[in-house]
Each structure stands twice: as structure tokens, then as C-alpha cells.
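Protein chains in written order, with my numbering: chain V, 5 to 201; chain R, 4 to 193; chain S, 94 to 284.
It should be emphasised that the hints constitute simulated quantities derived from the structure, not laboratory data. Quick reminder that beta carbons are idealized off the backbone N, C-alpha and C, glycines included. Accuracy of the hints is not assured; some may be wrong.
[Stated by the list, open to error] Straight-line Cα separation of at most 20 Å, DMTMM-like style, residue types lysine to aspartate or glutamate; simulated pairs:
1) R:K49 x R:E33
2) V:K99 x R:E33
3) V:K99 x R:E42
4) S:K219 x R:E61
5) R:K9 x V:E18
6) V:K195 x S:E96
7) S:K219 x R:D70
8) V:K124 x V:E10
9) R:K155 x R:E185
[What the hints assert, rightly or not] A short, non-exhaustive set of chain S residues, derived as facing chain R with CB atoms under 10 Å:
10) I102
11) I152
12) I156
13) N158
14) P159
15) T167
16) I168
17) I275
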Amino acid sequence: MSLVNEFTKGIIRENPLFVLVLGTCPALAITTSVNNGLGMGAAFTAVLLASNIVISALRKVIPDSIRIPSYIVIVAAFVTMIDLIMHAYTPALYKALGIYIPLIVVNCIILGRAEAFANKNGVGASIMDALGMGVGYTLALVVMSGIREILGAGTFFGIPVLGASASPALIMILPPGGFIAFGCILALMNKLQQKAS
Amino acid sequence: MRNIIKLGVFLLVVAGLAGLGIAYVNGLTEPIIAGQLLESKLSSFKEVYADADEIKDETDTYLKGADPVIAEINVAYKNGAPAGVIYTVATAGYGGPVQSLVGFDIESQQTTAVKVISQTETPGLGAKAVENSFSDGFKNKDAARPVEIVKKEPVQGNQVLAITAATITSKAVADGVNAARENFMSNFVK
Amino acid sequence: MSELGVIIIGAIFINNIVLSQFLGICPFLGVSKKLSSAIGMGIAVTFVMALAGTLTWIIQSYILNPLGIAYLQTIAFILVIAALVQFVEMVIKKTSPGLYKALGVYLPLITTNCAVLGIAIVSIQKNYSLIEAVVNNVANAVGFTLALILMAGIRERIEESDIPKCFHGFPIALFTASLMSIAFLGFTGLL
């Protein structure tokens, strides 16, 4: 039961992007198409999962005073591996995400989960935590990129959805559109929270 | 003091293991990445000049010194003889450099096709340069006459319809084609 | 010379690091509530980015590339930046307590500022020379500082104004950023 809880908390209640407002840089930069959003989410989840497993397995071995540098090295190693794997097997996505793949290293969510969860909990719970946070972040990216792609390009997953007569609001896939979409979503989250409390 | 050495050694071991892991993955992926880069280069060459048995990089033969626009010249061979030329050109667009491939047929002395391979133009406007609706306008142009960008339906053979609201991008592509055209005329047309 | 000018104008206005490349959003939203802290953060980031840009370029050109281990770039750069930030913090603390008091709080935040790592990698990807790389880093840092200070100036006023409750905090800051980003779009095509 508690494992299920570790999984579900990341999806809505502690959604890393919409509730904790972490990992904003890639969320604004690459959410111009759903494809990119999904790809970024998958890469991010893979890194988080791998780093959570290793850090929770080594939590009794890593000396406390140098835990942060150790985490950074571990996370950077996994990011580089994902970077190489994506370059080899998904070249189009690799090109679209560009510099934001190596920048997963400095995504505060990953170091945050290592510090707040993986170094205090077992491997099993850490896996569930990573999956929950990863899925939550991916969902958030897909929502963002869905809104921006439909409004800004008139397509969803590259398939036209608005009909030929509608002309898309170009601004939504330009940089300002990222800020607008994210601002609207956060305002909506605030509204929902105020209603709940 | 001993403690510091212990911590240092620990970090070193972690970094060493991480480095080994990356090196292993790199060993697995490196040939795939290299193969893929080559393949994507060849396949985009094929898109601008389809009918070739072999494509050779002959930049050094046909380009004297560094050129501000032309980056690479590849010659397409058919039955052992040069049949077409593929230029890699880079010109300044609206949001940064626009890189394109320009293909010429030696026999007909015409362009075969133009393909924009990398750009940072405005999405929805200049970025449409990668679409066929624009680049098809550059097909089968006489290499002897400069290509010209027009905003209304082209009436003459050397005119190409600009992308709506992205004249600078359209002109950037045309500049690249014209630079390639001049080199083609001086090297491959006798 | 003019090439350096192109890099500077491009980095500050056209491809502003925050408003069009989306690097360093966390401090942009987090430290832009007060003008004074925005200025402090801006100076600290400029300082670290100039040093980090120089150091990472040297490491890439003289260690990683000759040894054929360019794939260790990410891990090497992040370690250099983390160590550099610690080192700068220690030096400032020893030599200039006044400066430390002003910048100290912002320094630890910079390690996870993706702007530093991001621009270091971009400078390498663009094949810049050492001078171009350093200029690119400093210009981007200036662009960051500019965006941060503009944002702080606007936010200090927004705090006073009457806006719907659910827009308080991040949402209104994001809308502000969006309008600034639209304004900066006007610079495209300048060069």
C-alpha cells in the first residue's frame, strides 16, 4: 500500500513541475511539440530511476560529508549514458532536445529526490518514488506541450487537429507562449488548491 | 587528515566507476552514431541528387581557400564519370545561419533540388523553409541565371516564390543557391 | 572584432539566455522579487560564468579532446563548476568579507543554475576560440543580469497592485516574463 502511495504522490499531489515548480527550464524550452515533451519525460525518468536505485543502494556506503558531490557524479554519469544512447537510437529526438539532454544533470528534481528520498529509503521505495516523479513530470510536460502544439501549430503528435480553416496562434510555440502556458497552468493549480482548502 | 584521504579516495572511486560506465556505453554507441551520421548525410545527398553510384567529397579540388558561403562540395559519380554536384552552403537568415544542400546536374546544367538541412528561423514562418512547398520552387533552374525571390506567383523561369512573411529566410536560401551556382558555372560548365 | 560584437549583441538581446533559451529560469523566478538581490545574483552569476567558461574551454581543448574522451564532457564540466563555486566562495570569504556578505547567499545556488553549464556546453558546440568563448559567457551572463533586473523592477511594482489571488506569485511572474519575451522577440533580425 505504501509503495503505491510513493508512486501516486508524484503524479498529482507532489507533481514536480506543477506543484513543486521544479525543473522549469526544460519544461519551458522543449515543450513545443508533444513528441519532444514525451521524449524529454522519458529521458528524465530513466535518469531519475537509475540514480535513485544506485543512490538508495549505496546510501549506507556514501560518507555523509561528500554525499552531494557523489550524487552529482552518479547523476552526471547516467545523463551522459542516456545522451549517448539517444544520439545512437533516436537521432531526430536527440537533435530536437539538443542541449537540454546534458542539462538534465542540473535538473533540481533529480538531486532533490536523491537528497530528500533515495538516501533515506530502500531500493524498492526509491524505485516507486522515481517512477511516480518521472511519470508526473512526463505527464506535466505532455500537458504543456499538448496545449502549446495544438494552439501554436494546430497539430497533436504532428497530426492536424484544428481543421484547415483555423490558423494557429504562432506565438504559443515561440518562447513567450511557453511562459503564458506555464503561467496559466500554475494559476489554475493555485485556484484548485484554494478551492480545496 | 586520514579522513580527508579516505573521502578523497572514495570520491575518486565513484568518479572512476562512473567514467568506466560511460566509456563502456560510449564503446557500444560510438559506431552506431558514426554510421548514422554518415547515413543521414548520404541520404540527404540522395534527396538533392538521386541518380548517383558514388558520392565523393572534392571540396579541396573545387574550392580555392575558405569560402564565406560554400562549406563543402561533393561530386556525384555515375558510371565512373561526374554526373552531378552537391554543394553544402550556409547563409545568414533571420534567426541565425541557414544551412542547405544545393544539387546540380552537369549534363542539363540545371539545379536538381534544394534542401534546407539546418536552421533556427521563426517556427511557423521562416522555419517553413524546410518544407517541400518552398524548396520545390528551386527545382530545375538554369544554372546560368541567378535565382530571384519574388513575393507573387513567379512568371519567369529563374524566379522562386518566397515563403509568406519570411522574405529574409527565403532570400538566405536563394543566396546560398546563387553562391553554389557561380562555383558550379566556373568549375563544371565548359 | 565585429564577430565579437555579433556574439555580444546576439547573446544579450537576440537569444537572451532567459527569455529565449530558457536557461536559468529557477533563479530568474526565485531571486527576482527584490531589485537589490537581483543585482547581487546577477553579479555573482557573471563572475562564475566568466571563470567557468574559461576553465571548461581549457579542459575541453587541452584535456578531453587530446585524450579522445570528449564524451566525459558533462561529468567533467559539472564537477569543475561545482568545485569552482566552492572555491570562489572560500576565496571571497577569506579576502573580502563585504563582498561575501553581498554575494554569499547566491553562490551555492549557482551550481544548479543550468545557465552556467548550458552556456559552457554551447560555447564548445559552436567551436568558439578561447576569447570568443569567454566573451560569449560574459555576454550571456550580462543578458541574464539584464533580464533579472528588469524582472525585479517590474515585480516590485506588481506586488502592490490588485491582481486575482490565484495569479499571485509564479503565475503573474510568468506572464510578465512572457511579455518581456515578446518585447525581446523584436530584436530578432537585428543582425
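Do the hints match the structure? See the list:
1. For the given pair, K49 of chain R sits about 24 Å from E33 of chain R by alpha-carbon distance, which is inconsistent with the 20 Å threshold.
2. With a CA separation close to 16 Å, the supplied pair K99 of chain V and E33 of chain R stays within the 20 Å bound.
3. Between K99 of chain V and E42 of chain R, the direct Cα distance comes to roughly 15 Å. Compliance with the 20 Å bound is thereby established for this hinted pair.
4. Straight-line distance between C-alpha atoms of K219 of chain S and E61 of chain R comes to about 25 Å, which puts the hinted pair past the 20 Å bound.
5. Proposed proximity of K9 of chain R and E18 of chain V is contradicted: the alpha carbons are some 38 Å apart, above 20 Å.
6. Our distance criterion of 20 Å between C-alpha atoms is broken by K195 of chain V and E96 of chain S, whose separation comes to about 49 Å.
7. At most 20 Å may separate the alpha-carbon atoms for a hinted pair to count; K219 of chain S and D70 of chain R meet this at roughly 18 Å.
8. Proposed proximity of K124 of chain V and E10 of chain V is supported: the alpha carbons are some 13 Å apart, at most 20 Å.
9. Annotation: proposed proximity of K155 of chain R to E185 of chain R is violated, straight-line Cα distance about 26 Å (limit 20 Å).
10. Checking I102 of chain S against chain R by beta carbon gives a least distance of about 13 Å; that is not within 10 Å, so the hint is violated.
11. Hint on I152 of chain S is violated. Least Cβ distance to chain R is approximately 14 Å, over the 10 Å limit.
12. Using the Cβ-Cβ criterion of 10 Å, the hint placing I156 of chain S at the interface with chain R is not satisfied: the shortest such distance is roughly 13 Å.
13. Interface hint status for N158 of chain S: violated, as the beta-carbon distance to the closest one in chain R is roughly 15 Å, over 10 Å.
14. Interface restraint check: P159 of chain S against chain R, minimum CB-CB distance 16 Å, threshold 10 Å, status violated.
15. Against a cut-off of 10 Å between C-beta atoms, the interface hint on T167 of chain S holds, since the closest Cβ of chain R lies about 9 Å away.
16. Checking I168 of chain S against chain R: minimum C-beta separation of about 6 Å stays under 10 Å; hint holds.
17. Given hint, I275 of chain S at the interface with chain R, is violated; its Cβ is 13 Å from that chain's nearest Cβ, farther than 10 Å.
When the structure is compared with the earlier hints, violations turn up for hints 1, 4, 5, 6, 9, 10, 11, 12, 13, 14 and 17 and for no others.
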